[in-house]
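Once you have looked at the hints, place chain B on chain H.
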Amino acid sequence: MNETFYQEMRRKGYSRRDFLKMCGLLTAVLGLEASFTSRIANALETKPRLPVIYLSLQECTCCAESFIRTAHPLLSELLFNMISLDYMETLQAASGLQAEEAKMKTMQDYKGHYLVVVEGSIPLNDDGIYCTIGGRSAKDILLEAAQNSVAVIAYGSCATNTCVQGAYPNPTGAVPVKNIVAHVPVIDVPGCPPIAEVIAGVIAHYLTFDRLPELTNLGRPKAFYNHRIHDNCNRRAFFDAGMFVENFDDDGAKQGWCLYKVGCKGPTTYNACAITQWNNGVSYPIKSGHPCIGCSEPGFYDNFPMYEHLAHVPITAMPFEPDKIGKWITGLTVAGVAAHGVATGVIKRLDKEPRKDEEAGK
Amino acid sequence: MAVQRIVVDPITRIEGHLRIEADFDNGKIVNAFSSGTTFRGLEKIMEGRDPRDAWAFVQRICGVCTHIHAIASVQAVEDALGITIPKNADLIRKIMTATQFVQDHVIHFYHLHALDWVDVVSALKADPKATSTLAQSISNYPKSSVGYFTDIQNTLKGFVGSGQLGIFANGYWGHPAYKLPPEANLMAVAHYLEALEWQKDIVRIHTIFGGKNPHPNYLVGGMACAINIDNDNTINMERLDLVAREINKAIDFVNQVYIPDLFAIGSFYKDWGFGGGVTNYMSYGSLADDKTRNTKDAVFPGGIILNRDLSKVMDVDPRDPEQIKEVIDHSWYDYTGDKGGRHPWNGETTVKYTGPKPPYQQLDTAGKYSWIKTPQWMGKSMEVGPLARMLVGYARGNDVIKTSVDGALQKLGVGKESLFSALGRTLARGLETKIMVDYLKTTYDALLANIKAGDSKVFEQSKWDPSTWPKTCQGVGFTEAPRGALAHYVKIDNGKVSLYQAVVPTTWNAAPEDQQHQKGPYEAALIGTPMADPQKPLEIIRIIHSFDPCIACAAHIIDVNTGEPLNDNHFFY
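Respectively, the protein sequence lines represent chains H and B. Going by the numbering used here, the letters in the first sequence line up with residues 9 to 370, in that order. Going by the numbering used here, the letters in the second sequence line up with residues 22 to 594, in that order.
FYI, nobody ran anything at the bench for these hints, they're computed from the structure. Among these hints, one or two may not hold up.
[What the hints assert, rightly or not] To be clear about the criterion: a stretch of chain B counts as covered by chain H if any three or more of its residues have a C-beta under 8 Å from a C-beta of chain H, and this derived list gives those stretches:
id, segment
1, 67-80
2, 162-170
3, 224-236
4, 241-253
5, 261-272
6, 432-441
7, 527-536
[To be verified] Take a look, some chain B residues computed to stay more than 10 Å from chain H by CB distance:
id, residue
8, Glu99
9, Leu145
10, Ser158
11, Gln382
12, Leu469
Ideal Cβ positions, reconstructed from N, Cα and C, are used throughout, including at glycine.
With the rest of the complex left out, here is chain H (with noise of 0.2 Å):
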């Protein structure tokens, strides 16, 4: 950990240029501006590679698969020069035994200096038995790498929201990591899975400003979920404007019109995905054609049907001629902000019902 991050990448051969551009990736995928280039160029000048335990819990994979997928920085850019993925069974040479032990050589030679990154959910009942890992309860491994962490990282919704498996009834109740882990700050990443360059982003953030993100009152990085999808929505002119896709593949559908009639949740998800948007900026779901379907929110899967919207969202439509406006624009923005309340508070409200399992004191 003494040679830093500059030195190493010269010494494997990359150009001051070649470290120069991928400072600028990576100001890019920060969402900052070019000015901060050379504040990220300098950080990572002086800073050490930083080791990374990633846990595969109760999941799916598919937070691995879109951590994968990341195109700025690069998979292999992450591997060779930022992070050392210590453990991730999805990716690692080693198996059984051997795996492990790499495991606990990092938790020991970088006792407080490492990160966790935890995908999937926490099934406590049974003593456990739903998910076990070299013999080893899932709680336990989590105890047990989060304990001398630098902090952990719930990535996905199995990891912040349960997702799936946690839904009605939660047969092997499950639980997200912040019910877990205390004593370390959790940051939770959610989605299903979360867009590629999020994870990528939030640990780059963490290596370049020294510091963890901040984080929204859910406890996400506002740097990608603090704005709902329907505030950047490529179709919110046509919500505002009142028109429809009144069924799948009508001709409001053919002129790609607003999705909320046949069940979008953007209205009360926040996540990046029309900014961001997926697989190096391609497209997001709404885009394509399909609602959203809130995978970034907790308990989404028990706020179906899918095809139906959840509650009345008002359109925000403004009935001014904006030259007109002028200093009224702060109380429009006010009122603005009122309105997203709104939208929010029905979701919230959502989640304040009680679910069977919680009543029955699981």
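Relative to the frame of chain H, chain B by itself:
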């Protein structure tokens, strides 16, 4: 020396949590037990849901097989409701299926399987010039210069020299089971990195039609991606051009990198004939309609081969309650009443865990030892996957498959018997990737031709409204996933799911033994394999990886007891 129990847990470079316990005696494995150690219990969760939502739940069975479970699900519901999807939707789904096969198989070869054959540390000793000569002798891939391989080797040297080996830490480097010369190792490491970069691009085909990957979006009755070539917010020429671009890149990558590497590496290991396993093979058939499914005209024909006899092939019907049954002799489940095998229509998943309380050292393999059930065809364990597809296609006389297999055997200078091995499985996966990438192009051309002819329909509306559905109905969606035969079964009562069951490829392959000690395919494949050092399980993971395990799929996640549908007020309508 007494029989020694080897435990490998976790088996890494797979999807999910797999544990292998093997008995080692006199230099080789004499018995083996395969255990899936995760269970998510979605069966109860599916009860009472809207069948049009089912795909989104069961897609989350697995993020690696992210597309194919959703396809099997929408097909099962469409089968139950009697919906025929429009031609464009069918072609788009087939393009997405082929995309998944190509992407998944390439990732498997380089990122999940290659390190069983390729010694990363040995690559440090390679001569970049000789590596370049080797690379140019087997392929016209442009990235093959001395400078290119020198750069890769320098990166690797720095990485290893840093002492932080990351994902390569504690690997089995220097193990005597590695046979490649340093130059082949360096070439393979370079292509490991190239494949990593390429795989993120081909999935953009899913993103165009399904909005994202992993876990794209689907629709009962067709697809949601409206086609309007004269609109800016729909499938238009720009979107289709991006699909074409990715298809062309995929064709190049498979032909210039994957296939040449497969033969180059395979030629050094062709004498390592272990890992054969059970001698029965099954394919449900894929990319065909019901008329052609069990004939040579399907892209991947369906059928059954017994005892490695390629002169006979039998038809398979997943609907037939006599053919497909699941037993639970060694699985942590119980059946009410009759404890024998059950067809998925009568499936039941009642948990009965009898294993040790964690933390534990060893499973009781005389009793129940896995979350995975044991599916059987006519009472026999069957291997499913690329090898099964190639063998069934070969036996059916499918010209494309026959030419592909014969050509490969000739090129390697080996006979058909070599197919019945870990390497045979790995070879079959590569051969079908080549078939799939060509299919991807012809299907894309068919989609364009159909749109050009004036058809833009992607969705069948007539049976979308639940009021048009029968009071009760049932359906099955069966196909081939990258890892093998896949079937989803659904029963619908009063507009809600009352039974849902998926019998998935890795359930077939990773199954525990049955009451008569008939071993599952993983188990059978391990028995008889010599190991250089029982503490270093390289030979075990090499054989297990040749099946491409997917344990989240396998641990019988989705099946529903027929029962009272949930009260509607459980959901927030």
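Okay, the hints, checked on the actual structure:
Proximity of the segment 67-80 of chain B to chain H, defined as three or more residues with a beta carbon under 8 Å from a beta carbon of that chain, is established by the 6 residues found. Here's how the segment 162-170 of chain B fares: 0 of its residues keep a CB closer than 8 Å to some CB of chain H, so the rule of at least three is not met and the hint is violated. Only residues whose beta carbon comes within less than 8 Å of a beta carbon in chain H count, and the segment 224-236 of chain B has 12; three or more means the coverage holds. Requiring three or more residues with a Cβ within less than 8 Å of a Cβ of chain H, the coverage given for the segment 241-253 of chain B holds, as 10 such residues are present.
Three residues within the 8 Å Cβ limit are the bar, and the segment 261-272 of chain B against chain H gives 1, so the coverage statement is violated. Counting residues of the segment 432-441 of chain B whose beta carbon lies closer than 8 Å to any beta carbon of chain H gives 0, which falls short of the minimum of three for the stated coverage. Check result for the segment 527-536 of chain B against chain H: violated, 0 residues qualifying (beta carbon to beta carbon below 8 Å, three or more required). Every Cβ of chain H is farther than 10 Å from the Cβ of B/Glu99; the closest lies at roughly 14 Å, confirming the non-interface assignment.
Every C-beta of chain H lies more than 10 Å from that of B/Leu145, the closest at about 13 Å, which supports listing it as non-interface. Residue-level check passed: B/Ser158 sits 26 Å from the nearest beta carbon of chain H, beyond 10 Å. A cut-off of 10 Å between C-beta atoms contradicts the statement that B/Gln382 is not in contact with chain H; the least separation is 6 Å. Non-interface call for B/Leu469 relative to chain H: holds, since the shortest CB-CB distance, roughly 18 Å, exceeds 10 Å.
Going through the hint list in order, the structure does not satisfy hints 2, 5, 6, 7, 11.
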